[in-house]
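Participant: Here the protein sequences come in this chain order: B and X. Read left to right, the first sequence gives residues 71 to 179 (my numbering). Read left to right, the second sequence gives residues 222 to 692 (my numbering).
If you're looking for bench data, these hints aren't it; they were derived computationally from the structure. Treat the hints with care, as some may be off.
The following residues of chain B were derived to be distant from chain X, with all beta-carbon distances above 10 angstroms [as the list claims (entries may be wrong)]:
(1) N88
(2) M91
(3) S118
(4) G129
(5) E133
(6) A168
(7) A169
(8) A176
Here chain X is said to cover these stretches of chain B; the calculated rule only asks that three of the stretch's residues, wherever they fall, bring their Cβ under 8 angstroms from a Cβ of chain X [said to hold, decoys possible]:
(9) 75 to 85
(10) 93 to 100
(11) 105 to 116
(12) 155 to 163
Every value quoted in this text rests on a predicted model; they were computed, and no experiment measured them. Glycine included, every Cβ here is placed at the ideal spot set by N, Cα and C.
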Amino acid sequence: MFRSLRKPETQSVSININGQMVQVAEGSSLWAAMALHGETQTRLALVSGQQRSAYCAMGVCFECLVEVNGVPNQQACLTTVEEGMHVCSQDLTEQSIAALHQKESADHE
Amino acid sequence: MSDIFDIVIIGAGPAGMSAALEAAQQGASVAVLDRKATPGGQIYRDVTQSPLLDPSVLGSEYTEGAELVEAFMEADIDRHQNADVWHIGETGEVLYSQDNQTRRLVARELIISPGAMERPFPIEGWHLPGVMTAGSAQVMLKSDGMVKDGAIFAGTGPLLYLIVAQYLRLGVTVNAVVDTTPAGGVVRAMQYIGGALRKPAYLIKGLMLLNEIHRAGVPIFRHASNLSVLGESKSVGLQFEQDGRTHSVNADHIFLHQGVIPNLNMTRALGIEHHWAEQQLCWTPTLDDWGQSSIPHIAVVGDAAGIQGAEAARHAGRLAALKAMNKLGKLSEASLQQQSSDHLRAMKSFKAFRSFLDAYYAPTPEHRIPAASNTLACRCEEQTMGQLRAGFEQGAKDPNALKALTRCGMGPCQGRQCGHTVSELLAVWQNKPVSDIGYYRLRSPQRLLSVDELSQFQNIKPAKKPAEVSA
Ligand SMILES: Cc1cc2nc3c(=O)[nH]c(=O)nc-3n(C[C@H](O)[C@H](O)[C@H](O)COP(=O)(O)OP(=O)(O)OC[C@H]3O[C@@H](n4cnc5c(N)ncnc54)[C@H](O)[C@@H]3O)c2cc1C
Ligand code: FES
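The task is simple: from the sequences and hints, build the whole structure.
Facilitator: Structure representation (structure tokens):
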């Protein structure tokens, strides 16, 4: 597990990570908030569907893509937590995206 | 307030902040855009609002940055944080995302300082959960006070030892340091010892870090080679060779590092001229001593202009600001020369020192240009070395052809994690210099945009005001 050495007087905010409400330090990065609660899975690998997790923590690998308030492909390491934020590990893969497109075009017909 | 500035600076690290301070002192209107929540860049990340009780454990090179950040905060500069720049137009318009909206500024002169990123470390299993970079350990520590006990730190370079020492000072346990600096490093570096001796303090600091790690009783495996991460769906350990023997050390977390390279995507997308810097084994924008690029109104400074470190970045920032003032007609040629001379001299001695570091900590070919056919080169599209080789044999001889054929470099990271590997692989396979191979052709936007933002981008006409754009 990751652990926090943050000084005690920090204010906290509540956010929802994968369906669970948790308290996290105000100003945390979303990735740190997730990792400190054991939620280290971010996205799935696009082709194989294998689980992935953050790699660089500074915005250059795009492994930390998650869904924030319903919007996919947000970089957790560059996002700052906000009160009431909803975050989910995302399960988009090439296959699921293709299925989604197929469904959309079928719905249009 | 107008959205047109004399000088717009991208990136608020030591390079960008120094450029902004110089430009403001010289009387220019200055805007600085930075994607992080607070200024400071990588080295001075959150230095004025550290989450740690005692940030001095991170070292004086860190805490000394507070002065620069404070001066930057007090100066007459238009500062924009959380501002992620993703397009720069030819006439000086800069588009960036802030609060999920596209905003726009126009620059007469642009100074680009987006810093460095860690060199990719393409070994078997580097994509597994539990494998991160040593820089990420530092980012998490500086920004969030977050640490991981019992990890392995593997690779080479001063930043690797720095984070291990920082961990140990904070009582965080470290399982092992697996050092890939090759045995010949000292010999290779000796020819540049003159440069190193011009900066003895830095040299001593590096040695002291290693000594500190050693004294703490952390096992250090020197001259390790052939690294691979063990594990199927997540990391469970690291395997490597040392003195002809195979070792493996268990750990659910591994931090890799083999130096840093310029953050290329912005300068590449702009079409600035680049060259392959053999000494640093990376693509680098081609610039003059003031950071002036091949595009008349654009300068590039700091580690994005070639790795020189934070101190040099400060001088480079000031030089680019002085030159921009001169181009704007606000500083005479004579004043430019006179005010530049100390900075130029300082840059020269940092360059000499860097030659020593580059030779000493040169990342080994096996960890840059892997041979194993099942190692991933492109993490996003999951393309292995073997698949790239097959693409090459089907006729894809340059990075763009290989990208079209295999999709490597097409994923969300836009080639940041595979670009250098691909250039070097293609060079080796054709027995040509890397400079003949080139790099991916890149375009804006330089990040993933929401559909909303993308449609705004497509509607943007250069003459529009920010208010209309964000409407
Ligand atoms: C993870 C990491 C940790 C490091 N730690 C140290 C250290 O402890 N000590 C040390 O001596 N060196 C360290 N370095 C080396 C470092 O590159 C230099 O020391 C120094 O920070 C370089 O200064 P700079 O101003 O060129 O760039 P940086 O300090 O990297 O600053 C660049 C800034 O540009 C911003 N930026 C990038 N792209 C965009 C964009 N598209 N839009 C808006 N803003 C953008 C970044 O957020 C950043 O704030 C580190 C490097 C990395 C990658
Ligand atoms: S962890 Fe690499 S982009 Fe967020």
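Participant: Each hint should be assessed against the structure and marked as holding or not.
Facilitator: Going down the list of hints, with the structure as the test:
no. : hint       : in the structure
1   : N88        : holds, 15 angstroms
2   : M91        : holds, 20 angstroms
3   : S118       : violated, 6 angstroms
4   : G129       : violated, 7 angstroms
5   : E133       : violated, 7 angstroms
6   : A168       : holds, 14 angstroms
7   : A169       : holds, 19 angstroms
8   : A176       : holds, 20 angstroms
9   : 75 to 85   : holds (count 4)
10  : 93 to 100  : holds (count 4)
11  : 105 to 116 : holds (count 6)
12  : 155 to 163 : violated (count 0)
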